[in-house]
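Novice: Sequence:
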Amino acid sequence: MAKPFPLNPPHPERNCWGCDRYCAFNALLCGNGSERTQHPIETFGPGWESWSGIPGDRDGDAAAPEARSDA
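Sequential numbering from 114 applies to the sequence shown in our numbering.
There could be a bad hint or two in this list.
Said to hold, decoys possible - Beta-carbon label-pair distances, calculated as ranges: (1) Gly144 with Pro168: 31 to 41 angstroms; (2) Ala140 with Pro168: 27 to 37 angstroms; (3) Ile167 with Gly144: 27 to 37 angstroms; (4) Phe138 with Pro117: 18 to 28 angstroms; (5) Glu126 with Glu162: 11 to 21 angstroms; (6) Ser165 with Pro122: 20 to 30 angstroms; (7) Glu148 with Pro122: 11 to 21 angstroms.
I should point out that these hints are in silico values taken from the structure, not numbers from a laboratory. Predicted, not measured: the structure shown is a model, and the values here were computed from it. No residue lacks a Cβ here, since even glycine has one placed at the ideal position from N, Cα and C.
Let the hints inform the model, and build the full structure from the sequences given.
Specialist: If you want it as structure tokens, here you go:
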């Protein structure tokens, strides 16, 4: 069984989040590359788990497309 993914770890910069091992940033045992994978809270900030991935949709409602004026 996979480990549960922590939503708000106290020090996300100390681990690689690329697989279920959660290696130390300087160990990288899975060999997924030379750099560690960041935790989503480092990339998207607090509330990342409720975001759908659509730009402008931080509160669950999709943003209406803006009117374009090429006058």
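Novice: Taking the hints in turn, state whether each one holds.
Specialist: Hint check results:
At roughly 33 angstroms, the beta carbons of Gly144 and Pro168 sit within the given window of 31 to 41 angstroms. Remark: the range hint 27 to 37 angstroms for Ala140 to Pro168 is upheld by a beta-carbon distance near 34 angstroms. A C-beta distance of roughly 33 angstroms is found between Ile167 and Gly144, which places it inside the suggested range of 27 to 37 angstroms. At about 21 angstroms, the CB distance of Phe138 to Pro117 agrees with the hint of 18 to 28 angstroms.
For the pair Glu126 and Glu162, the supplied restraint of 11 to 21 angstroms holds, since their beta-carbon distance comes to about 18 angstroms. A beta carbon spacing of about 22 angstroms between Ser165 and Pro122 agrees with the range 20 to 30 angstroms that was offered as a hint. The beta-carbon spacing between Glu148 and Pro122, approximately 18 angstroms, falls within the hinted interval of 11 to 21 angstroms.
Of the hints listed earlier, there is not a single one the structure fails to meet.
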